[in-house]
Amino acid sequence: MPTNGAPTKITQGSQTKGGIGESTLRPDGTLKVTGEFAYSSDMWHEDMLWGQILRATVAHAEIVSIDTSEALAMAGVYAVMTYDDLPTDVKNYGLEIQDTPVLAHGKVRHHGEPVAIVAADHPETARRAAAKIKVEYRDLPVITDEASATAPDAILVHEGRDDHHSGHVPHPNIVHRQPIFRGDAAEAAERADVIVKGEYTFGMQDQAFLGPESGLAVPDEDGGVHLYIATQWLHSDLKQIAPVLGLPESKVRMTLSGVGGAFGGREDLSMQIHACLLALRTGKPVKIVYNRFESFFGHVHRHPAKLHYEHGATKDGKLTHVKCRIVLDGGAYASASPAVVGNAASLSIGPYVVEDVDIEALALYTNNPPCGAMRGFGAVQACFAYEAQMDKVAKQLGMDPIKFRQLNAMEQGTIMPTGQPVDSPAPVAELLRRVKAMPLPPERQWESSEGADVRQLPGGLSNTTHGEGVVRGVGYAVGIKNVGFSEGFDDYSTAKVRMEVVGGEPVATVHTAMAEVGQGGVTVHAQIARTELGVAQVTIHPADTQVGSAGSTSASRQTYVTGGAVKNSCELVREKVLEIGRRKFGSYHPAWATAELLLEGGKVVTDGGEVLADLVDVLEGEAVEVEAEWRHRPTEAFDLRTGQGFGHVQYSFAAHRAVVEVDTELGLVKVIELACAQDVGKALNPLSVIGQIQGGTTQGLGVAVMEEIIVDPKTAKVRNPSFTDYLIPTILDTPTIPVDVLELADDHAPYGLRGIGEAPTLSSTPAVLAAIRNATGLELNRTPVRPEHLTGTA
Amino acid sequence: MRVNFTVNGRPQEADDVWEGESLLYVLRERLGLPGSKNACEQGECGSCTVRLDGVPVCSCLVAAGQVEGREVVTVEGLADFAKQRAEHGGCATGACGTDGKAGTSLQDAQLGVPPGGAWGRAAKGQDSQTGEGTELSPIQQAFIDAGAVQCGFCTPGLLVAADEMLEQNPNPTDADIREALSGNLCRCTGYEKIMDAVRLAAARQGEAV
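Protein sequences, first through last, are from chains A and B.
For the first sequence, UniProt numbering assigns the number 1 to the initial residue and increments by one for each residue that follows.
For the second sequence, UniProt numbering assigns the number 1 to the initial residue and increments by one for each residue that follows.
No wet-lab data here; the hints were simulated from the structure.
For each residue, glycine too, the CB sits at the ideal point set by N, CA and C.
Do not rely on the hints blindly, as some may be mistaken.
Over 10 Å on every C-beta distance to chain A, these chain B residues come out as not near it, computed from the model [as the list claims (entries may be wrong)]: (1) Asn4; (2) Gln12; (3) Glu13; (4) Asp15; (5) Asp53; (6) Gly54; (7) Val57; (8) Gly65; (9) Glu68; (10) Arg70; (11) Lys83; (12) Glu87; (13) His88; (14) Asn169; (15) Pro172; (16) Arg204.
If you anchor each label on the Cβ, the simulated ranges turn out as follows [claimed, not checked]: (17) B/Arg2 - A/Val90: 43 to 49 Å; (18) B/Asp15 - A/Pro87: 36 to 42 Å; (19) B/Asp16 - A/Asn720: 33 to 39 Å; (20) A/Glu450 - B/Arg2: 48 to 54 Å; (21) B/Met1 - A/Ala151: 54 to 60 Å; (22) A/His45 - B/Gln66: 25 to 31 Å; (23) A/Ser722 - B/Asp16: 26 to 32 Å; (24) A/Thr793 - B/Gln66: 39 to 45 Å; (25) A/His45 - B/Ala208: 41 to 47 Å.
Bound conformation, chain A alone:
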C-alpha cells in the first residue's frame, strides 16, 4: 500500500548492528578499490561492436545533404544510420518536452548535436568511418542570448511548438517563464531606507563526472534489447527509449552498470538510444564509450544565467522587498529547463523573510549547448546573486553581514514567496552562527623555517609568489534548496524487500531500481533494512527495470524517497513476519498478541526487550516478499501568473565560511578553508553525509574560481571541451572543509531525515566570492572569477 507522506514512526533497533545512524562502510567499496567494480564503460561482450556518433561541427544550420557511402564501404563497418533509418514515427525524446531529435533532421540546433551513428569492429574504425560521412550544412544565424532570442524577427529555435508551456510563454524562444508575486514590492520599496541593485552573471558549469557516458546494448532473441547503462533513472530512460525503437517497454531490459558520478548530467539520455539502434540493426552487441571531448557535448550543463536583483531594507536592517529577474540560457533543447525555472523562481530570494516580492525567472531556447540538471538545479545561480546582494545591503547599512542575514533569516513557519509555509526546522540563523564560530585557520600558514611553502600559496608550484602581494579575505553565505521533485510531480519510489533464511541465517534482500551514482544509497538501504528487520545480512540486488521505478537520483531525494520506500516495504515485511510468528508460536506466549513487537538482532522481541522467537525459526520454510510504492506528501503546481502554490516537499539549508588568499598582482586565488554547517535532519550514515557535503562544497568552489564552459558568442561553438581547458579543482586547489552537522528532525520525513546532496553546492560559491571581495575590495558580479577580473585587465 502506498502511504502518502504520513509521519513515520522511528523504530530504531538498538540490538542490530549496522543500522541507521552508523557510519557503515559501502557494500561496493572492496570491488571499487580492487578495480573489479563493473562501470558502464567496462562492459564487454564477445563479438561486440563499437558505436560512434558523428556530431555537428556547427551550431545552427540546415542540413543540405548527408553522404554515408564512403563510411559504409569501409572494412569493419557494420552499420551507418541517420535520421532516415529511424524505425518508427517517434524520432524525438526529452525529459519533459520531447523536442530532442535522436538524430538531426533537416537542421542542427547546437554544436555537437548527433547527426549520424556508426558501428564497427574497432573503436578507431568507427571513428574513422564517422569522419568519412559527408554532411553539407547551410549556416543559419545563431541565437545566443536574450536579445537575439526575443528579437521580433528572431529565427525560432523550434518552429511549431505545441508543448504544454508554449501557450503561456511571451515568445516561442522562451521555454518556460515563472513569475511570482506576493505583497506589493513597489509600495514596499517606498519604505526602504536603502535600495541596492545588482546585475550578476553565472557561467556555464559542467558536471564533469569522471565516468564517461557509456553502455552496452545486447540484442535479445525475442527481438528486444538489453541495455547495460550508467544513468540516474532507469525507468525514465526506458520510457524515452522504447518508443523510438518501436518496442514495448517489456522488451527493453535495463540493468544499471557502475556509474562514475552523475551530478545531474545523466538525467537526460546520451548514447542509450544510439547503442540500442545499432545493436538491433546489426544483431550484435554494441558498446559506446564517449571520450572526454565528446562527453562535453554529450550531456547538458548547468544553465548560465543573467540575474538582476533589487533589494531594499530599512535602516534597522529589515528587508523591505526583493525584485528579481533571472534569465537562464537553456540552449537548444528543453531538457530540465522548465523545472529549473520553477526552482530558480521559488528559491530566488533565499532563506530570508521578505513579504513583498516581484520575481520572474525564465529559460531561453538558444543555439548554445543544451542546459539542464546539475546539482543545485536553479537554486545555485540564484544563491550566488542574492548572497552578493545581502553583503551589499549590509555594507550600505553599515551592518555586520552575518547579523544582517540573521536578522532576516527565515525560520519554521516563515511563508515562502509562493505562499507555502516552511513547516519543518529552518535553522538559518543557527547555521550562520555555527559556521562563524568555527576557529579560523592561522594566518600565513605557508611560512616555514625553510621559507615559503609555495604549495600553500596562490599560484602554487608555479612559484609565482612567496607571499608578496598576498591578502586574505573571509566571506559568508547561506542557501536554501528544495528536496524531491516539486510542482505536483508524482514523485514515488518502489522497493522490493524479501526476507528468508539462507545458510541458517535470516537474510534480507533489497531490490530497487535506484541508480547508485556514488552517493551511497546502497549503503543506506542496507542500514534501513537492518534497523527495520533486525538482520545482520542484507543483500542489495542490482538495480534494474525488473522492479518498479525508484525515481531519479537527483533533487537530493533518494535517501528520502527510495529510502522511505525501503523502510515502508521493510515495515510491511515485518508485519508479515510477525503474522507468521503469531501463527507458529502465538500460543506459547501472550505477548505475541498483546505487545508491540520488534525485530532486533535476529530475533522477535517485545518493546520491553523480551525475546519471543528466533527469526530463523519463524522464517523456516517460508520467504516473505513485498514490493510496494511509497510517496512523500503531494505537492502542487505554481500558478502560472502569480507563482503561488505549495510546490515543494522539503527544504535543505547549508551555510559556508570561505577563507581565501589572493595574489592581487597576478589575480590568483588560493582558497585556504571552506567551512560548512548544514542541517541534515538525521544523519543515516554520518560518514557519507560528510562526504556529500565536502563534495558538494568543492563543486561550488570550482564554479567560483575556475570552472566555465566557454561558448563563442559569435558562433555558439564550445571552445574548451577538455580537462586541459575546462579546469575542475584538484586536491591542491581544494582546501580543508571542516563540517558541522546539525540534526533537527523533519517530522514529515522518514527518520526525520533531510535531503542533503545539493545544499552545500549552493552557498559555497557565494562564500568564496564574498571572501575574494573582502580581500580585494572589488565588486565581482560574475562567477567564475578569473585572474583578469582581479587585476583589472579583463
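For chain A, the structure is supplied; the task is to place chain B on it using the hints.
This is chain B only, laid out in the frame that chain A set:
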C-alpha cells in the same frame, strides 16, 4: 603488432594491437583488466594511473608498443604488489632500503615473484557480490575505511599514485600528499576523505614497522 610485457607479475601477450592503441586500451579491452579507468584519455585526470617499471604514468598517454618487455602494475595487482613489497623488504613502505630510492626498492620487491605465480587474485572465500574476503593493500583498505570512495571512478588511479607516494615518503605532510596526488582528479569527495585515507594508511604502516 604483437606486444609482450608483464602485467602484475604475469607475462602477457597482446595480438593485433594497432599502432595507435594506448596501454590503457590494451589493458582494458585486450587483457580484460578494466580497473584502470578511462575518464579523460588525455592525461589530465590520472584515473588510468599504473606503474610502468615502477614509475606512475597515465596509461592513456603510453603507446602500447612502448611497453614491450616492460613491467606494469595496475590496481588489480596492487594488493599483491604491496604484499610482495612488504614481505620482501620486511618493510611495508619500500623506503627502508639503504638508498631509499623507489626504483631500487621496487625491483627488489619484484625479484621474489615467481613468473605467473604469486600475483594471482586470492579467490578463497571471496564474496562475488561485494568482494568481501579479498586481500587488500593498506592503501586500499584505508580508502574504504576513511570513506574515500564514492562513485569510485578516480579510485584506482588514486590508489596506485598514493601507494607509490607512501613507498617513497612514508611520513608525508598534508602538503606532500596534495602535491603527490595533484594529477588525480576526483569529482565526488572534495578530497578530504582521500586525505584522511592516505594519512590513515601512513599511520597504519608506521605502526606496522
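Here's how the hints hold up against the structure:
1. Asn4: Check passes; 21 Å lies beyond 10 Å.
2. Gln12: 16 Å, holds
3. Glu13: Since the minimum Cβ distance to chain A is about 19 Å, B/Glu13 lies beyond 10 Å and the statement holds.
4. Asp15: Per Cβ check, B/Asp15 is outside 10 Å of chain A; nearest 13 Å; holds.
5. Asp53: At about 20 Å from chain A, B/Asp53 clears the 10 Å cut-off, so the statement holds.
6. Gly54: 19 Å, holds
7. Val57: 17 Å, holds
8. Gly65: B/Gly65 is indeed farther than 10 Å from all Cβ atoms of chain A, at 15 Å.
9. Glu68: 20 Å, holds
10. Arg70: About 20 Å separates B/Arg70 from the closest Cβ of chain A, which puts it past 10 Å; holds.
11. Lys83: Holds, because the least Cβ-Cβ distance between B/Lys83 and chain A comes to about 13 Å, which exceeds 10 Å.
12. Glu87: Given a closest Cβ separation of 19 Å, the condition holds.
13. His88: Per Cβ check, B/His88 is outside 10 Å of chain A; nearest 22 Å; holds.
14. Asn169: Since the minimum Cβ distance to chain A is about 14 Å, B/Asn169 lies beyond 10 Å and the statement holds.
15. Pro172: 12 Å, holds
16. Arg204: 15 Å, holds
17. B/Arg2 - A/Val90: 43 to 49 Å: 47 Å, holds
18. B/Asp15 - A/Pro87: 36 to 42 Å: Since B/Asp15 and A/Pro87 have Cβ atoms about 37 Å apart, the given range 36 to 42 Å holds.
19. B/Asp16 - A/Asn720: 33 to 39 Å: 36 Å, holds
20. A/Glu450 - B/Arg2: 48 to 54 Å: 51 Å, holds
21. B/Met1 - A/Ala151: 54 to 60 Å: 58 Å, holds
22. A/His45 - B/Gln66: 25 to 31 Å: With Cβ atoms ~29 Å apart, the hint holds.
23. A/Ser722 - B/Asp16: 26 to 32 Å: 30 Å, holds
24. A/Thr793 - B/Gln66: 39 to 45 Å: 42 Å, holds
25. A/His45 - B/Ala208: 41 to 47 Å: Holds: the Cβ-Cβ distance is about 43 Å, inside 41 to 47 Å.
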